[in-house]
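Q: Based on these hints, arrange chain B on the given structure of chain A.
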Amino acid sequence: MEEHQKIVEVKKLVKYYGKFCAVENVSFDVYEGDIFGFLGPNGAGKSTTIRTILSLINPSSGSIHLFGKSLDKNRNFILSKIGSIVEKPDFYKYLSAEKNLEIFARISGANVSKKQVHEIIEFVGLKGRERDKVTGFSHGMKQRLGIAQTLLHDPELIILDEPTTGLDPQGIIDIRNLILQLKTERNKTVILSSHILSEIELIANRMIIINKGKTVVEGNVSELLNSQELIVSFTVDKVPEAKKLLEANNLWTDSNTIEGFNLLLHTSEKSVPIINKLLCLHDVNVVSIEKKRKLEDYFLKLITN
Amino acid sequence: MFWKSTYNELIKISFKPRSYLGVGGISIIILLILMAMKLDGSLYIEIITGQFDDSLSFEGNILNGNLIAFLIIQMLIIHVPLLVAFVTGDLVSGESAMGTIRLLLTKPISRSSVLMSKFLASVMYTFFLVLWIAFLALVVSYFIFGSGDLIVLNFDGLAIFQDGDITWRFILGFSLAFLSLVTVATLSLTFSCFSENSIGPIVATMGIIILFTIIGSLDVPVFDSIKPYLFTTHMAAWRYFFDDPVSKDEVINSIIILISHIVFLLGIALYKFNKKDILS
Numbered sequence: 008m009e010e011h012q013k014i015v016e017v018k019k020l021v022k023y024y025g026k027f028c029a030v031e032n033v034s035f036d037v038y039e040g041d042i043f044g045f046l047g048p049n050g051a052g053k054s055t056t057i058r059t060i061l062s063l064i065n066p067s068s069g070s071i072h073l074f075g076k077s078l079d080k081n082r083n084f085i086l087s088k089i090g091s092i093v094e095k096p097d098f099y100k101y102l103s104a105e106k107n108l109e110i111f112a113r114i115s116g117a118n119v120s121k122k123q124v125h126e127i128i129e130f131v132g133l134k135g136r137e138r139d140k141v142t143g144f145s146h147g148m149k150q151r152l153g154i155a156q157t158l159l160h161d162p163e164l165i166i167l168d169e170p171t172t173g174l175d176p177q178g179i180i181d182i183r184n185l186i187l188q189l190k191t192e193r194n195k196t197v198i199l200s201s202h203i204l205s206e207i208e209l210i211a212n213r214m215i216i217i218n219k220g221k222t223v224v225e226g227n228v229s230e231l232l233n234s235q236e237l238i239v240s241f242t243v244d245k246v247p248e249a250k251k252l253l254e255a256n257n258l259w260t261d262s263n264t265i266e267g268f269n270l271l272l273h274t275s276e277k278s279v280p281i282i283n284k285l286l287c288l289h290d291v292n293v294v295s296i297e298k299k300r301k302l303e304d305y306f307l308k309l310i311t312n
Numbered sequence: 281m282f283w284k285s286t287y288n289e290l291i292k293i294s295f296k297p298r299s300y301l302g303v304g305g306i307s308i309i310i311l312l313i314l315m316a317m318k319l320d321g322s323l324y325i326e327i328i329t330g331q332f333d334d335s336l337s338f339e340g341n342i343l344n345g346n347l348i349a350f351l352i353i354q355m356l357i358i359h360v361p362l363l364v365a366f367v368t369g370d371l372v373s374g375e376s377a378m379g380t381i382r383l384l385l386t387k388p389i390s391r392s393s394v395l396m397s398k399f400l401a402s403v404m405y406t407f408f409l410v411l412w413i414a415f416l417a418l419v420v421s422y423f424i425f426g427s428g429d430l431i432v433l434n435f436d437g438l439a440i441f442q443d444g445d446i447t448w449r450f451i452l453g454f455s456l457a458f459l460s461l462v463t464v465a466t467l468s469l470t471f472s473c474f475s476e477n478s479i480g481p482i483v484a485t486m487g488i489i490i491l492f493t494i495i496g497s498l499d500v501p502v503f504d505s506i507k508p509y510l511f512t513t514h515m516a517a518w519r520y521f522f523d524d525p526v527s528k529d530e531v532i533n534s535i536i537i538l539i540s541h542i543v544f545l546l547g548i549a550l551y552k553f554n555k556k557d558i559l560s
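Protein chains in written order, with our numbering: chain A, 8 to 312; chain B, 281 to 560.
Next comes chain A alone, as it looks inside the complex (with noise of 0.2 Å):
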């Protein structure tokens, strides 16, 4: 990744409301065509961050350099190559979809034309309900009015701030794809902050988790979850005689715990068809093998430590 250009270089970001500290030395990179997760419970400084970066909060101290250029110098340029949607997305109530994309569009800094702006509503799977006031939209369909208009001026990086907040399971599933679309058929760089932490493993390739406004890990999201012990998840009909299978075989720590019918076993990868092969032969069903090493978890350690 390092070949690519950086695009977004925070350092030591600070931000305080009169006492309080809401951002504390948060310093990261997010490189040209990164899908970079921004991870931290609520009130962690997530918010904060973003909204210091698209300059609708003023920063207490550090530095915010995008595309090169210093955010203090060059806000107009630096937010003419940015489309994002800060929490939810929030339109004119009285206006069709159609005008406030227009709205938008004249004020993005690029000539946008009336047919760039319905092939946009057509790629966001708005077709047909663009003469429409945005007050009879659902959520989701706010929010992919909300990515339309991030796209409206072709930029270069994507900043979605809690994307799929109060989206039903197959809204989540939409926007997501819509993400993975931008990356893949439209080379964006995208900033994705979620409290959903499987939609930042499965679609992010770095990410930073913050905590309480301070960094608590910043890396390519594989190697971060590949540096942790995998823990796998054996369900198995007959657990004292698995048990002593495993300890038999010298595949049993003292690290392992058993809760219910379910094995849990800190182990390598290549351990798992073994341990799977050994139960079987040995008269012990396997009802399931399930990886436990997920992002959720490694967060839940981080957090708590």
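Calculated from the structure, these hints are not laboratory results. Keep in mind that the hints are not guaranteed to be accurate.
Unchecked claim - What the simulated footprint calls covered on chain A by chain B, stretch by stretch (three residues with Cβ under 8 Å from a Cβ of chain B suffice, anywhere in the stretch; the number is not a length): (1) 57–67; (2) 72–84; (3) 93–105; (4) 110–117.
Cβ atoms here follow ideal geometry from the backbone N, Cα and C, with glycine treated the same way.
A: This is chain B only, laid out in the frame that chain A set:
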């Protein structure tokens, strides 16, 4: 970008239902006045001229379009500030309440340009409102009541203006009334920068107008020094054009005071809007 943003603001105002409440309200009030004057106007005239029966005799069409227009401005100038604040007080705070401010301020246009385009749009809306009042007050009144000399009861007695000497007075009077309403629009826009809801700026604007009007009408020496500088003192400055002769010094003084208020308030609004953290 500034003009595009101003165009956007005009589109928003023109599509917002509340923008038409002012226009509708003014239309209804004026039509009611016209209807009442058509039915009972002569009685109203008799009450006024009756005071001068011993010394003067009145001939011709006294109840004419000019008099009705004069009465309409006098009555409406009290209510129009509320209607102006109703729209302009919502221009920034309404965006905060709706959440659209987040989208608006992440576009490549400076905050000062956004606010100035909102100011310009509010000036245009106020101009349209004044133009609409002028149309109804003058054109419709002329059509219904015809033309004639204008008799005005001033502080120092009756002033009579001949039919050919009136139009310019109305044009300049409406212009000065427009300037005082722009001051109100700027005040509510400034309050709007401090608020996250639409009602606050409207209430605050009306509160200030009522407070300043009370201070202006109180005959207390301690307020005498500030009265000339309150913008509310100059909201009725349009009446100077219906004095004979017109007091140019008073008119210029009112214009300076009103413009000073606009510049000062706009300065505060710009400072606040540029420094504001968008947390909504």
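Q: Taking the hints in turn, state whether each one holds.
A: Hint check results:
1. 57–67: That given contact holds, which follows from 6 residues of the region 57–67 of chain A lying within Cβ reach (below 8 Å) of chain B.
2. 72–84: holds (count 3)
3. 93–105: With 10 residues in contact (Cβ-Cβ under 8 Å with chain B), the coverage given for the region 93–105 of chain A holds.
4. 110–117: holds (count 6)
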